[in-house]
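Q: As a plain string of letters, each chain reads:
Number of protein chains: 2
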Amino acid sequence: MSGPVTLTLLNGQETDCLPLSDRGLAYGDGLFETIRVVGGSAPLWSRHLQRLERGCRTLRLTLPAEQLAIDVERLARRLGEGLIKLILTRGSGKRGYAIPANAETTRILFGSNAAVYPAEHAEQGVRLFACETRLGHQPLLAGLKHLNRLEQVLARSEWQSSDYAEGLVCDLTGQPIECTMSNLFMRIAGAWVTPDLSQCGVQGVMRDLLIERVQQEGGFVQVRTVGYDELLSADEVMCCNSLFGVWPVIQLGDRHWPVGPFTRQMQSLAKQVYL
Amino acid sequence: MSGPVTLTLLNGQETDCLPLSDRGLAYGDGLFETIRVVGGSAPLWSRHLQRLERGCRTLRLTLPAEQLAIDVERLARRLGEGLIKLILTRGSGKRGYAIPANAETTRILFGSNAAVYPAEHAEQGVRLFACETRLGHQPLLAGLKHLNRLEQVLARSEWQSSDYAEGLVCDLTGQPIECTMSNLFMRIAGAWVTPDLSQCGVQGVMRDLLIERVQQEGGFVQVRTVGYDELLSADEVMCCNSLFGVWPVIQLGDRHWPVGPFTRQMQSLAKQVYL
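Line order of the protein sequences matches chains A and B. Quick note on numbering: our numbering labels position 237 of the first sequence as 238, and the sequence is numbered without any gaps. Quick note on numbering: our numbering labels position 51 of the second sequence as 52, and the sequence is numbered without any gaps.
For reference, chain A alone in the conformation it holds in the complex (with noise of 0.2 Å):
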């Protein structure tokens, strides 16, 4: 359990190589999940497994739910603590873009137990770049985390200083969105807003959980357009994923937040899942 490991398995085999015929490569046509890793097991697996399902569907992609749930427990428990990034694609096909009658869905997992994130974008907060790159509208695959993702490849390329940790992506309205691996968070007159999602971003695991808690704790996490001046309004304003939890967004621009309190009771909330 104890130093670094690497692990990559296709199809439940070690190896480095995929197929160059495989359709991931080729159009994009496949999913991923980043899923972490705590005490030798993924507790958040059967969320990620609930976002394939829905992928599956819309990309009429066959979902082998048992042998990546072994592959996950597998992986997990030889990580011990880390990362594990899931592709599945729809295997190999010849050229064209019709779904070859005999696909056989290819499931590619990556392990890694090194360190992802400095403790202090949790614990100070986090500045966000402003993208210039605007988020298409396709409420087709809109939520989904599939491999089309230029657009959070273009967002992410707009800066290179470690100043900022995560980037705000609005959509071709102007309107915020998300950020470029991550959700977004805004306390706006005494609630908690999260951006819709029905037309782009991804509709993240961290996200839905805590809006869950929210409830659970008798609150309430109001989801709907929200304007580029109405999060510069916001009380506080955090962005949240599965990997890190919750990161206090401090800076946009010109604007300055503290760390506030119901930010750090959103932390809480994300940390309790990993205990």
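Among these hints, one or two may not hold up.
Heads up, the list lumps identical chains together, so a pair's fine if it works in one copy or across two of them.
Stated by the list, open to error - Below, simulated DMTMM-like cross-link-like pairs (lysine to aspartate or glutamate); rule was C-alpha separation at most 25 Å, straight line:
| id | residue 1 | residue 2 |
| --- | --- | --- |
| 1 | K86 | D255 |
| 2 | K86 | D17 |
| 3 | K146 | E213 |
| 4 | K146 | E133 |
| 5 | K146 | D209 |
| 6 | K86 | E105 |
| 7 | K95 | D164 |
| 8 | K95 | D172 |
| 9 | K272 | E231 |
| 10 | K95 | D72 |
| 11 | K95 | D17 |
| 12 | K146 | D255 |
| 13 | K146 | E82 |
| 14 | K95 | E159 |
| 15 | K95 | E82 |
| 16 | K95 | E74 |
| 17 | K146 | E159 |
| 18 | K146 | E54 |
| 19 | K95 | E121 |
| 20 | K146 | D230 |
| 21 | K272 | E124 |
| 22 | K146 | D172 |
| 23 | K146 | E121 |
| 24 | K146 | E74 |
| 25 | K272 | E213 |
In case anyone wonders, no lab produced these hints; they're calculated from the structure.
Given chain A, work out where chain B should sit, using these hints.
A: Here is chain B on its own, set in the frame of chain A:
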């Protein structure tokens, strides 16, 4: 030059194996081209290269133009007749959207001299399936032949019957944009019209070539937004790409078209390319 040849080159080496860390797989972080080979060479290579240049500028991807030209020339000579599918990716990287400082573009070429499409499609015309999958709007990526192609995969998955050789795809507002693997031209009020691709769609090499050739012959192709009803009211309809040239469209839903004289002219223009 005779007999079936299929060949795959990765950075100039014959192999069937891609490193699993390639960002083409992870994010569809790359571009592709499908290039017709005639008489041992690729007559439209310079046009494919131009589109790659445009794509590389947008994606901030290094274009290994000289090595690509060598790869294509070598493969075309081996094939004699057929096609080359070329993929460029940003190469291997660690987890995360950020572009690695030392990113090296990966060149992948698949060659095949197998026959591609039945000659009857060009002679007798094709029926279009009316796809329900809509193209989202993303001006940043519109026109490029990038590896994020889930929309095309989903559109093409809507029909299996060989009655339809192609499918019409509209944008979110219901306006015709293109077919799943080709561009669309319509003869309306005595002139050729092809849809504007500034919001979505792939700017085909054969589309651009036909626009130029029509102009050289003293004609004009209007590039503009086209309504669905306008498409149905067209006198002639055709689709084109650089592999099959021009296919007359003879049916979409209840609407039937004869194969008209202007479409035959366009077929002649397309064929001249490969003489």
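Q: The structure should be examined with respect to each hint, and the outcome stated for every one.
A: Here is how each hint holds up against the structure:
1. K86 - D255: Classified as neither; 35 Å inside a copy, 48 Å across copies.
2. K86 - D17: both (14 Å within a copy, 23 Å between copies)
3. K146 - E213: So K146 and E213 pass the 25 Å test inside one copy only (20 Å; across, 40 Å).
4. K146 - E133: both (21 Å within a copy, 22 Å between copies)
5. K146 - D209: within (14 Å within a copy, 34 Å between copies)
6. K86 - E105: both (20 Å within a copy, 22 Å between copies)
7. K95 - D164: between (45 Å within a copy, 20 Å between copies)
8. K95 - D172: neither (35 Å within a copy, 27 Å between copies)
9. K272 - E231: Result: close neither inside a copy nor across copies, 28 Å intra and 57 Å inter.
10. K95 - D72: Only across copies: K95 and D72 sit 21 Å apart there, 27 Å inside one copy, limit 25 Å.
11. K95 - D17: This pair counts as both: shortest intra-copy Cα distance 22 Å, inter-copy 13 Å.
12. K146 - D255: neither (32 Å within a copy, 38 Å between copies)
13. K146 - E82: Close inside one copy (23 Å), not across copies (40 Å); limit 25 Å.
14. K95 - E159: Between copies, since 18 Å is at most 25 Å while 36 Å is not.
15. K95 - E82: between (39 Å within a copy, 18 Å between copies)
16. K95 - E74: between (33 Å within a copy, 23 Å between copies)
17. K146 - E159: Intra 21 Å, inter 22 Å, cutoff 25 Å: intra and inter.
18. K146 - E54: within (11 Å within a copy, 29 Å between copies)
19. K95 - E121: Intra 48 Å, inter 22 Å, cutoff 25 Å: inter-copy only.
20. K146 - D230: Intra 28 Å, inter 36 Å, cutoff 25 Å: neither.
21. K272 - E124: within (13 Å within a copy, 66 Å between copies)
22. K146 - D172: both (17 Å within a copy, 22 Å between copies)
23. K146 - E121: The answer is neither: 27 Å in one copy and 41 Å across copies each exceed 25 Å.
24. K146 - E74: Cα proximity of K146 and E74: one copy only (21 Å, versus 38 Å across).
25. K272 - E213: within (14 Å within a copy, 61 Å between copies)
Of the numbered hints listed earlier, those contradicted by the structure are 1, 8, 9, 12, 20, 23.
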